[in-house]
Structures are given as C-alpha cells and as structure tokens.
Amino acid sequence: MKPVNPLTSIIKRDLVLAYRQKAELLQPLLFFVMVITLFPLGIGPGPETLQKVGPGVIWVAAILSALLGMDKLFRDDFNDGSLEQLQLAHVSLSWAMFAKVFVHWCGSFLPLLLISPLLALFLNLTPAMYWALIQTLALGTPLLSLVGAIAVALTVGLQRGGVLLSLLLIPVFIPLLIFATSAVDSAAMGLNYAPQLAIIGAMLCFAVAITPFAISYAIRVSHH
Amino acid sequence: MFNWLHPYAKTERAYALCNTLLPYFFVTAVVGLLVGFIWGLAFAPSDYQQGDSFRIIYIHVPSAILSMSTYVAMAIAGFVGLVWQWKTAYMSMIAIAPVGAILTFISLFTGAAWGKPMWGTWWIWDARLTAQLILFFLYLGVLALYGAFSDKTQAGKSAAIMALVGVMNIPIIHYSVEWWNTLHQGATITKFGKPSIAPSMLWPLLISIAGMVGLIGTLVMMNLKNQILRRELHRPWVIALLQKTESR
Numbered sequence: 001m002k003p004v005n006p007l008t009s010i011i012k013r014d015l016v017l018a019y020r021q022k023a024e025l026l027q028p029l030l031f032f033v034m035v036i037t038l039f040p041l042g043i044g045p046g047p048e049t050l051q052k053v054g055p056g057v058i059w060v061a062a063i064l065s066a067l068l069g070m071d072k073l074f075r076d077d078f079n080d081g082s083l084e085q086l087q088l089a090h091v092s093l094s095w096a097m098f099a100k101v102f103v104h105w106c107g108s109f110l111p112l113l114l115i116s117p118l119l120a121l122f123l124n125l126t127p128a129m130y131w132a133l134i135q136t137l138a139l140g141t142p143l144l145s146l147v148g149a150i151a152v153a154l155t156v157g158l159q160r161g162g163v164l165l166s167l168l169l170i171p172v173f174i175p176l177l178i179f180a181t182s183a184v185d186s187a188a189m190g191l192n193y194a195p196q197l198a199i200i201g202a203m204l205c206f207a208v209a210i211t212p213f214a215i216s217y218a219i220r221v222s223h224h
Numbered sequence: 001m002f003n004w005l006h007p008y009a010k011t012e013r014a015y016a017l018c019n020t021l022l023p024y025f026f027v028t029a030v031v032g033l034l035v036g037f038i039w040g041l042a043f044a045p046s047d048y049q050q051g052d053s054f055r056i057i058y059i060h061v062p063s064a065i066l067s068m069s070t071y072v073a074m075a076i077a078g079f080v081g082l083v084w085q086w087k088t089a090y091m092s093m094i095a096i097a098p099v100g101a102i103l104t105f106i107s108l109f110t111g112a113a114w115g116k117p118m119w120g121t122w123w124i125w126d127a128r129l130t131a132q133l134i135l136f137f138l139y140l141g142v143l144a145l146y147g148a149f150s151d152k153t154q155a156g157k158s159a160a161i162m163a164l165v166g167v168m169n170i171p172i173i174h175y176s177v178e179w180w181n182t183l184h185q186g187a188t189i190t191k192f193g194k195p196s197i198a199p200s201m202l203w204p205l206l207i208s209i210a211g212m213v214g215l216i217g218t219l220v221m222m223n224l225k226n227q228i229l230r231r232e233l234h235r236p237w238v239i240a241l242l243q244k245t246e247s248r
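Top line first, the protein sequences correspond to chains H and W.
Following my numbering, the numbering of the first sequence begins with 1 at its first residue and continues without gaps.
Following my numbering, the numbering of the second sequence begins with 1 at its first residue and continues without gaps.
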C-alpha cells in the first residue's frame, strides 16, 4: 500500500467537510450579497454614486463576511480534538495549517470571486474597474485568510471569540482595504494600477512566508 | 547581554529593579513636565499665526510622538517573552499597554481640540490622524485579547503574538494611510512641524517630551509592580514584603 501523504489527506478531509456543510458555506456568501444590497438602498441608487463607492463597498463587505466565516476555521477541529491530533501527526504543523487555510480560502472566497460579476452589475462598475477588482480580490483574499487565521487560532479556545476576532483583525486589514480600493479607483480613471497590485502581492508573499509559523504557534498556545 | 538580563526574568529581581528605577523616572516626570509645561504654556512666545492656541503642542506632540514608541516597546517586551519564555516580559508588556492606549487617546483628544479652532473641524481624515486612530485600535485589541483569557500565561502569549502582528503592520499602515490620503485630498494640512520651529518654542517642547518619557516610565513601573505582586501573591517574598508593609 502506498503511504498516504498527510497534507493531501488534510486537504481532502477539509474539502469533504466543507462540501457536506453547504449551509455554512453559503451563509457568509449570502451575507456578502445582502450587505452589498443594503448600500444602494442606504445611499441612493444614483449610478454615479454607486460607481464611486462600489469598490470600497465590495471590499468592506468581503472583509465583514470573511470575519463572519473565519470564526469556524478551527473551531470544530478544536472542539473535537482533531487539532490536537494534527500536532502529533507526521507533518509539520505549519504545513498542516497552511493546507487548512488554503482549503478554507477555497470554500469561502472562491465563491465570492465567482459571484462578483453580479455585484459589479449591482454597483454599476465599468469593465476596467471590474477586472481590477477581480485581481485585487484574487490577491487580497488569501491575505485575509492567512492573517485572519492567526487571530482565529488565538481566540479558538475562548467561548465568545467572534466579536473579539473582529476587534483584533479590522485594524490589521486596513492597509489591504486601502491598496485594493485605490487600485480599482485608478482603474476607473484609466490609470495604471500595477503598483497597488504589486504591493498587495508583496504583502501576500510575506504573509505566505511568515503566517504559517505564527498560526501553528498560536494553535499551540491555544492548547496550553 | 543575555547573562546580564537573565536575572530579571525572576519576578523578585524585576520588582527590585522597578523600585530602583522608579525614583529616577518620577523625578524626570515631575521636573520635565513642570518645567516644560510652565515654560511652554506661560513663557514661550505665542505663534504669529495660531496665537495662544498653539500651546497645546506641549501636550499633543509629546503624547503623539511617544505613543508609537510605546507600542514598539510593548511589542519588544512581548517578543522577549515569546523567545525566552519570561513571565516578567509578558507582565511588562501588559503593564505598558494601557499606558500607551491612554497616551494615544490623549494625542487624539488634544489633536481634536486643536483642530477645532485651527482647521474648523474636530476631525478630518488626514493621514496622521487616521494612523493614530488605528494605533489606538491596535492597543485596544491587545488589551481585549489579554483580558479575554483567565489563564494569564496563555493571555500573555496570545497578546504578545497580536502585538507582534500589529508592530509589523504599523509601517504598512503608516505608508498606506499616507498614500491614501494624498491620493484623495492632495495637500496635507498637518505638515506644520517640518518648517523649523523657533528655539524659544522648541526647548520647552523637548523638555516636555523628556518629562513625558519620565511619566510613562513611572506609570509603567508602578503598573508592573502591581502586576508582579498580584500574580505572585503566594510567593514567600511577596508575603514577607506585605507583612513588612503592614507592620510599618
């Protein structure tokens, strides 16, 4: 029998789990769409206004729905003890955490990327803006997942970690929000938005290099 | 350096160190703040544009300058705690945090009070103000995370990780906010510090900053002493210390 690679089995297990809990996957997505629906109602349906605030609205909604869904990233595994088993497994915890975060990103942010054309219509974005938005989302949401996972791992042992999680993470996400929306704004004005994308990409590279260690350390602290 | 620092991992030695340093910080605070404030508020010449309302600078600038260094100090304490597993490092980290948070709040509050007569508005989404507000949120996050755990060792480790995440973010936040602001508004209003300031105004300001450092040191040392006593309540040396204080 061929030995099983622990990483692939983690990925497979998490994907199956995510697929079987469709409601939990759909809820943050629905939340995302509904928050965006609120904005035209709140600030008026004028196409120009919407186009102006659109990128910011989509990004803020993405961050909020990320915070909502992220709470579940480690919770079930923490409660039933599988996280503790992972620490004993024959694979470095950092890799295991990276795999888990990756699957979580696939489950929560890929659908968000797929549904964003609809939202671009809602908010009257031009094709250039939409293309920039997709790029910032594709580069920025993994960053949300990776950095967010540190705080999730720290608060997983707490009874009511949800609000605390938002308190911890919102200030940390501000630079990403700024760069992403400014990229889309530049696209709206027909300017070059590669610098903003490059900065988001650099932050992502940095996060990929550093955060798995921080996440696994935080998990160990939580199992104190 | 490690050999020199290592004894202070023990709470008793750290407590003694606090007691040694406290008077120096206290004297610096009293002398610096009294001289700086009285000189600045009463004797320094008033600004030719802003009149007397510029005098809030002697409170605003020391707190604003030092709030970020205090955050870095807190993160360094947390880092030391994570690397060498020192209880006293976590205690110092959490002794620094509330002081820094209040310092940030003071700088925001005095900034708003200054902004009203000068810019005609309490708040403006200027780069420095926004960065300061985010710094305030970061402090609150660290404090909230520390308070959420009942096991204080775990709380110290968690808060230290969060403080480190924050300290890596501070430069990014700083530059992103600056860029965001210049993209949206053009000229910034607050770059008033860059033109050289007259020596008669500068000296009281520098003395106030030194006094503020002393004040921060005093408060942190007092807070740290309290933390140590509370956490080590059942240690023989704490009991002996308490008995000595009671019999006095």
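One or more of the hints may lead you astray.
[Unchecked claim] Now the stretches of chain H that chain W is said to cover, found in silico as 3 or more residues with beta-carbon under 8 Å:
#: 1; segment: 29-35
#: 2; segment: 151-157
#: 3; segment: 171-183
Don't read these hints as lab results, they were simulated from the structure.
Quick caveat, the model's predicted, so the values are computed rather than measured.
Just so you know, even glycine gets a beta-carbon here, dropped at the ideal spot from N, CA and C.
Okay, the hints, checked on the actual structure:
no., hint, verdict
1, 29-35, "violated (count 0)"
2, 151-157, "holds (count 4)"
3, 171-183, "holds (count 7)"
The structure fails hint 1 only (numbered hints given earlier).
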